[in-house]
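As a plain string of letters, each chain reads:
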Amino acid sequence: MPVVLLRAPLSELAGGREHTLEGGTVDEVLAALEDRCPAVAGWVLDERRAIRTHVNVYVNGQPAGRETVVGAADRIHVLPAITGG
Amino acid sequence: MTEILVGTRKGLFVLDGEPRAGFEVTARAFPGQSVEYAMRDHRSGRYLASVTSWFYGGRIWVSDDPAGAWEEAQGVALPADGDASLARIWVIAAGAADGVLYAGGDPGCLFRSHDGGLTWALNRGLWDHPTRPDWVPGAGGLCLHTIVPWPGDPKRLLVAISAVGVWLTDDGGTSWRTSNGGIVPEYLPEEARDVPAQHCVHNVRRSAQRPERLFLQFHGGVYRSDDAGASWVDVGDGTDLPSDFGFPIVVDPADPDSAYVIPLVGAEDRTTPAGAVRVWETRDAGGTWAPRGEGLPGRDAYLTVLREAFDSAGAGERLELYFGATSGEVFGSGDAGATWSQVADHLPPVHSVRTA
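Chains as they are written, first to last, in the working numbering: chain R, 1 to 85; chain A, 1 to 356.
Bound conformation, chain R alone (with noise of 0.2 Å):
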């Protein structure tokens, strides 16, 4: 299954920093850590579900979006923007 992974503030409200989810897409793997962690629900997708404006998400290494598929090995990085002041 692919594994998550997150920084603080994220990872202290997941509970950790390694998440091993099911899901075949990045919408479907943030789905099951929201599922499995509520905390971190609302803070990496809005309301609308859309992946937060200074959120980004890498699938090993490459930059993603909700729709990227992934596998059991894959990697898949959540982290902060490198924006704002």
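If you are wondering where the hints come from, they were derived from the structure by calculation, not from laboratory data.
Check the hints yourself; a few may be wrong.
Restraint ranges, calculated between C-beta atoms of paired labels, are given here [what the hints assert, rightly or not]: (1) A:Gly75 x R:Glu28: 48 to 58 Å; (2) A:Ser231 x R:Arg48: 33 to 43 Å; (3) A:Glu72 x R:Gly71: 47 to 57 Å; (4) R:Leu5 x A:Asp227: 57 to 67 Å; (5) A:Arg193 x R:Ala8: 43 to 53 Å; (6) A:Asp335 x R:Arg49: 49 to 59 Å; (7) A:Gln74 x R:Arg75: 48 to 58 Å; (8) A:Asp153 x R:Arg36: 37 to 47 Å; (9) A:Asp65 x R:His54: 27 to 37 Å; (10) A:Asp153 x R:Leu79: 46 to 56 Å; (11) R:His54 x A:Asp153: 34 to 44 Å; (12) A:Ser231 x R:Arg49: 42 to 52 Å; (13) R:Ala8 x A:Asp64: 23 to 33 Å.
Glycine included, every Cβ here is placed at the ideal spot set by N, Cα and C.
Given chain R's structure and the hints, the job is docking chain A onto it.
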């Protein structure tokens, strides 16, 4: 001892002290995150803060100790089947009923809590209002920034949205009506000013002694209502006020004729006029205004004071006034504005100031 909650671009700062003896920072929370607003519900003692993460969005947090742990409130979100996302919560206010709080945010949304702020639900009456497609955001977004309950009557509420205007409900939020009569949106062409809801209201405060009296700082003009917001009269035009632009307004709880504004140069400038920081006071319900500035910077000081960054404690001659600037200073007065001192310096840009 007075406790002041200062929401800044880089966290919440809690200041404790007295106007003449000085203040110190006793707690900081949410470092690095934008704290739009923080308040203490005097009924429960609970602290509530609106925090916007640049990355992870806006939410409300609650705590019984601002120096301790904070808990994320639930339900502060827009409908999942809609096309809008919550940008931020601008303001939180205690309602008239026990345990009830309201929170206003962008895009033009109002939330209600019945359990002291732990859980929230969207007010659908305002959210589903048929005029919503015509609402125009101000420079700060489509922000619902002002919530004014009616003492003793939980069904009556006034809210204000930029740049839409004043809204009233008499049925607890089931139905809403605009109430901008008398307010002149001079930023619109003259022939286009007779519109119901394109009014850039900046802030509204109600008199505690006389609840039907309200003072309103508009985008251009200071207004007063003596009929609970049904109509408004300009009380700034023709007075000595150096500018009709400003954001916050404060009313003395002991005197329905006393109010305070902090004029800023309008248009794109939005700084204190002529480099002098002055709080302007009326003691005759807006008939005349006079500057109060002893102890405030009088030259080369170009400050911006935002709409939630001015508040009071106490009343009458012992009225305490506090305001903060985007340049990181907080100033305070313990004698109703007669004299001032600097309460804090070198803070991040100040978004809000509330006495606890």
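Now for the hints, and whether the structure bears them out:
A beta carbon spacing of about 25 Å between Gly75 (chain A) and Glu28 (chain R) contradicts the range 48 to 58 Å that was offered as a hint. For Ser231 (chain A) and Arg48 (chain R), the Cβ-Cβ distance of about 40 Å falls inside the hinted range of 33 to 43 Å, so the restraint holds. For the pair Glu72 (chain A) and Gly71 (chain R), the beta carbons lie near 33 Å from each other, so the given range of 47 to 57 Å is not met. Restraint check, Leu5 (chain R) to Asp227 (chain A): a C-beta distance of roughly 60 Å satisfies the suggested window 57 to 67 Å.
Between Arg193 (chain A) and Ala8 (chain R), the C-beta spacing of about 51 Å keeps the proposed range 43 to 53 Å intact. A hinted range of 49 to 59 Å holds for the C-beta pair Asp335 (chain A) and Arg49 (chain R), which are about 54 Å apart. At roughly 31 Å, the beta carbons of Gln74 (chain A) and Arg75 (chain R) sit outside the given window of 48 to 58 Å. At roughly 45 Å, the beta-carbon separation of Asp153 (chain A) and Arg36 (chain R) lies within the given 37 to 47 Å, and the hint holds.
A hinted range of 27 to 37 Å for the beta carbons of Asp65 (chain A) and His54 (chain R) is consistent with their spacing of about 30 Å. Between Asp153 (chain A) and Leu79 (chain R), the C-beta spacing of about 49 Å keeps the proposed range 46 to 56 Å intact. The given range of 34 to 44 Å is respected by His54 (chain R) and Asp153 (chain A), whose C-beta atoms sit roughly 42 Å from each other. At roughly 44 Å, the beta carbons of Ser231 (chain A) and Arg49 (chain R) sit within the given window of 42 to 52 Å.
For Ala8 (chain R) and Asp64 (chain A), the Cβ-Cβ distance of about 24 Å falls inside the hinted range of 23 to 33 Å, so the restraint holds.
Hint compliance for this structure: hints 1, 3 and 7 are not met, and every other hint is.
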